[in-house]
Amino acid sequence: MRFLHNTSIRFMHYKWLWMGISTALIVASLLLITVGPGFKFGVDFSGGTQLTLKFKGEPDLGRIRKALEELGIGTVTIQRFGEVGEHDLLIRVQNPKQQEGDFAAPMLAALDREFNKEQSAIRLNLQGSEVITNALVEANPDEVGGTVSGKQAHYKPMADAILQVRKQKGLIEGPADLTGASAVSADVRTYLSQQARFGEFSLLAADNVGPLVGKDLQSKATYAVVFSLLGMLIYIWFRFQLQYGVGAIVALIHDTIIALGALSLTGREIDIPTIAALLTLIGYSVNDTVIIFDRIRENIRLQRGKPLTDTMDMAINQTLSRTIITSGLTELVVVSLFLFGGDVINTFAFVLMLGIIVGTYSSVYVASPIALFASNWIEQRRQARRRR
Amino acid sequence: MQRKLMWRWLLIGVVAAAAVYFMVPPDKKIKLGLDLKGGIHLVLQVNTGDAVRAEVDDAMERMRAELTGKGFAPEAMQRLEAGDGFKFKPVANTSDKVLDKAIDERLADFKVTRGVEIVAQVKPEVKRTIEDMAVRQGLETIRNRIDQFGVSEPVIQRQGLESNRIVVQLPGVDDPGRVKELIRSTAFLEVKPVVRVAPTEEALLATTGGQAPDDSQVVSGDLKGMDGRTTGKEYYLVKKASVITGRDLRTARRSQDQYNQPAVHFSLTPEGARKFGDYTAAHIGDRMAIVLDNKVHSAPNIKSRIDDSGIIEGGSFTVQSAEDLALVLRAGALPASITYLEERTVGPSLGRDSIVRGIRAGLFGLLMIVAFMLVYYKGAGVNAIVALVLNSVVLIGAMSMFKATLTLPGIAGIILTIGMAVDANVLIFERIREELDLGKTVRSAIDLGFARALSSIVDSNLTTIISALFLFQFGTGPIKGFAVSLTIGLTVSMFTAVFVSRAIFDLVLSRREKVTSLSI
Numbered sequence: 001m002r003f004l005h006n007t008s009i010r011f012m013h014y015k016w017l018w019m020g021i022s023t024a025l026i027v028a029s030l031l032l033i034t035v036g037p038g039f040k041f042g043v044d045f046s047g048g049t050q051l052t053l054k055f056k057g058e059p060d061l062g063r064i065r066k067a068l069e070e071l072g073i074g075t076v077t078i079q080r081f082g083e084v085g086e087h088d089l090l091i092r093v094q095n096p097k098q099q100e101g102d103f104a105a106p107m108l109a110a111l112d113r114e115f116n117k118e119q120s121a122i123r124l125n126l127q128g129s130e131v132i133t134n135a136l137v138e139a140n141p142d143e144v145g146g147t148v149s150g151k152q153a154h155y156k157p158m159a160d161a162i163l164q165v166r167k168q169k170g171l172i173e174g175p176a177d178l179t180g181a182s183a184v185s186a187d188v189r190t191y192l193s194q195q196a197r198f199g200e201f202s203l204l205a206a207d208n209v210g211p212l213v214g215k216d217l218q219s220k221a222t223y224a225v226v227f228s229l230l231g232m233l234i235y236i237w238f239r240f241q242l243q244y245g246v247g248a249i250v251a252l253i254h255d256t257i258i259a260l261g262a263l264s265l266t267g268r269e270i271d272i273p274t275i276a277a278l279l280t281l282i283g284y285s286v287n288d289t290v291i292i293f294d295r296i297r298e299n300i301r302l303q304r305g306k307p308l309t310d311t312m313d314m315a316i317n318q319t320l321s322r323t324i325i326t327s328g329l330t331e332l333v334v335v336s337l338f339l340f341g342g343d344v345i346n347t348f349a350f351v352l353m354l355g356i357i358v359g360t361y362s363s364v365y366v367a368s369p370i371a372l373f374a375s376n377w378i379e380q381r382r383q384a385r386r387r388r
Numbered sequence: 001m002q003r004k005l006m007w008r009w010l011l012i013g014v015v016a017a018a019a020v021y022f023m024v025p026p027d028k029k030i031k032l033g034l035d036l037k038g039g040i041h042l043v044l045q046v047n048t049g050d051a052v053r054a055e056v057d058d059a060m061e062r063m064r065a066e067l068t069g070k071g072f073a074p075e076a077m078q079r080l081e082a083g084d085g086f087k088f089k090p091v092a093n094t095s096d097k098v099l100d101k102a103i104d105e106r107l108a109d110f111k112v113t114r115g116v117e118i119v120a121q122v123k124p125e126v127k128r129t130i131e132d133m134a135v136r137q138g139l140e141t142i143r144n145r146i147d148q149f150g151v152s153e154p155v156i157q158r159q160g161l162e163s164n165r166i167v168v169q170l171p172g173v174d175d176p177g178r179v180k181e182l183i184r185s186t187a188f189l190e191v192k193p194v195v196r197v198a199p200t201e202e203a204l205l206a207t208t209g210g211q212a213p214d215d216s217q218v219v220s221g222d223l224k225g226m227d228g229r230t231t232g233k234e235y236y237l238v239k240k241a242s243v244i245t246g247r248d249l250r251t252a253r254r255s256q257d258q259y260n261q262p263a264v265h266f267s268l269t270p271e272g273a274r275k276f277g278d279y280t281a282a283h284i285g286d287r288m289a290i291v292l293d294n295k296v297h298s299a300p301n302i303k304s305r306i307d308d309s310g311i312i313e314g315g316s317f318t319v320q321s322a323e324d325l326a327l328v329l330r331a332g333a334l335p336a337s338i339t340y341l342e343e344r345t346v347g348p349s350l351g352r353d354s355i356v357r358g359i360r361a362g363l364f365g366l367l368m369i370v371a372f373m374l375v376y377y378k379g380a381g382v383n384a385i386v387a388l389v390l391n392s393v394v395l396i397g398a399m400s401m402f403k404a405t406l407t408l409p410g411i412a413g414i415i416l417t418i419g420m421a422v423d424a425n426v427l428i429f430e431r432i433r434e435e436l437d438l439g440k441t442v443r444s445a446i447d448l449g450f451a452r453a454l455s456s457i458v459d460s461n462l463t464t465i466i467s468a469l470f471l472f473q474f475g476t477g478p479i480k481g482f483a484v485s486l487t488i489g490l491t492v493s494m495f496t497a498v499f500v501s502r503a504i505f506d507l508v509l510s511r512r513e514k515v516t517s518l519s520i
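Residue numbers (the numbering used here), protein chains in the order written: chain X, 1 to 388; chain H, 1 to 520.
Since the hints were made in silico from the structure, they are not lab data.
Source: prediction; values computed, not measured.
Certain hints may be false.
Stated by the list, open to error - As a list, the in silico DSSO-like pairs of lysine-lysine whose alpha-carbon atoms are at most 30 Å apart:
#1 H:Lys239 with H:Lys303
#2 X:Lys167 with H:Lys239
#3 X:Lys169 with H:Lys127
#4 H:Lys28 with X:Lys156
#5 H:Lys31 with X:Lys220
#6 X:Lys167 with H:Lys37
#7 H:Lys295 with X:Lys117
#8 H:Lys29 with X:Lys167
#9 H:Lys275 with H:Lys303
#10 H:Lys295 with H:Lys239
#11 X:Lys56 with X:Lys169
#12 X:Lys215 with X:Lys97
#13 H:Lys240 with H:Lys127
#14 H:Lys403 with X:Lys167
#15 H:Lys403 with H:Lys37
#16 H:Lys275 with H:Lys295
Using the sequences and the accompanying hints, generate a full structural model.
Rendered as structure tokens:
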């Protein structure tokens, strides 16, 4: 089986059309970034505290908001997370006025007061195994005699089994969930169903980024992007010629701006993983460009005297099947990540999914024409100098 | 089989065997990052200003005692606003000799400016040493505390050599709130002589004109009924100078009081025991207050000489809180307060969910690739798949060998690497097809295909590795994991795509006498 065999498409013939489209896309992206929705920064860059909670039932967002606003630590934003029916929420608060400190603990305590009204020493969805063990030691439902340490040894495996249930399900909804934990004795199970507080929610994750760390992360991300672009420029300059380096870098900037525009358009958050995705996109796009440039270089050596436009067309045609197959396969993998990889890496996969398409396209219609213009410009200057 | 080919297969076999050796058993050998395993990552700042302030207060009290002892009690003695020094007015008749001697002996670490007021400021180099010591001691204390949680493979280190930040990573912690509380609690224990007790602050200070005397301070405590419940508050006037502090403790453990309620029992170092013994022997009948973090826990009467141990009770302890207090007392007090700058907590269920989803997505993508390669390249597709499988095995083996941490973005990196590893095969195969189209023989088409694709493969992989290196340099935790898997993956894929698939082609061809066709 072979696709795109022996094609002879005159790619460069249409360069003005596609470069016009690219320019339009860049202008649109820049407008989206500056005028339109702009960037939505996640906790990593904007700073603040974010709790990821799993609720038992449909959570009352108004109560969450009210409970947290009473703390006076800023505006509360609530977002759904994960699949419908899972009742997972992202709750975010801007830390008060550039203040450092642990805001996750007071937020959790406030929500605990609001949603888990009954008092109990045992809170199965919030405590760890050691605390649950010691609470059981004090209640002693199995009426074990002897020292405290002996009782601890008796109840510890039960607490571990309970936490295992929480790990599997994310939230212990009620006494029925404990029947699966066989290490838990019947008396303890009875005691827990009467006395323990199952509560309305459990903590899946907490992120707190103070202003100092936020600033660090911002500068690190900027350095990473700038230095990798520079690294690429130098590598391609060294391996090919300056005009190709310029072509590749313009293509990379093109890809990055369009990806950023898409992030702005879709309202996705920019976080550290998003930056990693942008850098991967840069790596992927340059990879694609280099393969075409490599073929151009080879063709120039084989066919001296032919116009560069034709040599480029030939190289793009020769590598076309490879370009489509590789991009297609990588895209397949990334789409699979996007669809099944879960919410945590969804934006990451989104950037790559878009990036592979844009990166493949830009190798043909941005990097190559720019390299062509740069070559022609250098050639004209050389001739002008010779004439003088 | 040709000799040369045999050696190549031997090398491949060794690499594969080594990879399998390093990755088995996978659940032990592959180190999961906090985002997959669950756990807590904290960046905290030691507020070194506290330690400087404590040093200043100490010097100030020494100076006051010295001058007061000589009969020239200083006036208006107070700490400077910046906290790094203090000032006072010597009384008019202070003898210069006494003052000079006191400054010389007591304020060696201070830069002293004399005028109507005497201003003493900590010397910059001394200040730096105090700050550095505070961070080191904080690190040590936190390490001691964490060692007792029983967390496996904790990371506790200073962020940079000079900074006042400490990074703490605790994998698999199931109660992040408690851990944060325990790390941060100051647990400053003092035993102080009680001057007076009263139900309100006003009543307490009525005889001294509404102000505590210079050598004393007011501390509050809960008032408890017979059943141990808190019924109100009590105020204690205690001496500033402690009999013993947490520093004099040798160890502490959870125990029980006389009513079988949880309590904390402590024992003292030899020096602490001597101080405590001397004091209690001389003050039988007096009350002493056991003060924890500026709150009176209990204030028993001294019935007899107490040498080397004591008990903290009446704090309405639970088994848990008694255990926690004993833990922090054993580990020592923090030299300065702590502020959390960053927290990343991932619950175990989220991590588990991420692994399941990540692997599912990866396998699905991999299957699609396999299917495509078989349909499109037929026989050569099998070759690519063998190379791909070997690539995955060697990648995971190499990650285990380098003890690299697998994170969620790392899984994405591996999946992406697989996609890019196929690229090398595609480049080679397409090139071989091209050469075959030009009428080359199978053997020379393979030779040329590999030779000509090589520079493209190296260039394209190297450029991606460049961006991965910068990601590693500037990235944090999970992202570093991504950069590591990507770099190792790309390096391995160059090996498998170029070396291994070539060896497979050669192996297939070496079995046939005359080669006229190739399944590609």
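Verification of the hints:
Taking the CA atoms of lysine 239 of chain H and lysine 303 of chain H, the gap is near 20 Å; set against the 30 Å cutoff, the hint holds. Between the alpha carbons of lysine 167 of chain X and lysine 239 of chain H the distance comes to roughly 51 Å, so the proposed pair goes past 30 Å and is violated. Taking the CA atoms of lysine 169 of chain X and lysine 127 of chain H, the gap is near 52 Å; set against the 30 Å cutoff, the hint is violated. A C-alpha spacing of about 24 Å is found between lysine 28 of chain H and lysine 156 of chain X, which places the hinted pair at or below 30 Å, so the restraint holds.
At roughly 25 Å between alpha-carbon atoms, lysine 31 of chain H and lysine 220 of chain X fall within 30 Å of each other, so this suggested pair holds. Proposed proximity of lysine 167 of chain X and lysine 37 of chain H is supported: the alpha carbons are some 11 Å apart, at most 30 Å. Between lysine 295 of chain H and lysine 117 of chain X the CA atoms are separated by roughly 29 Å; this keeps the pair inside 30 Å, and the hint holds. Among the hinted pairs, lysine 29 of chain H with lysine 167 of chain X is consistent with the structure: their alpha-carbon atoms are about 22 Å apart, no more than 30 Å.
Of the supplied pair hints, the one linking lysine 275 of chain H and lysine 303 of chain H holds, its CA atoms being roughly 17 Å apart against a limit of 30 Å. Taking the CA atoms of lysine 295 of chain H and lysine 239 of chain H, the gap is near 14 Å; set against the 30 Å cutoff, the hint holds. Taken as a hint, the lysine 56 of chain X and lysine 169 of chain X pair is honoured in the structure, with Cα atoms around 11 Å apart against an allowance of 30 Å. For a cut-off of 30 Å, the pair hint linking lysine 215 of chain X to lysine 97 of chain X stands: about 15 Å separates their Cα positions.
Using a Cα cut-off of 30 Å, the hinted pair lysine 240 of chain H and lysine 127 of chain H holds, with the two alpha carbons roughly 24 Å apart. Distance check on the hinted pair: lysine 403 of chain H and lysine 167 of chain X sit about 26 Å apart at the alpha-carbon level, within 30 Å; holds. The suggested pairing of lysine 403 of chain H with lysine 37 of chain H holds, with an alpha-carbon distance near 15 Å, which does not exceed 30 Å. For the suggested pair lysine 275 of chain H and lysine 295 of chain H, the alpha carbons sit about 22 Å apart, so the restraint of at most 30 Å is met.
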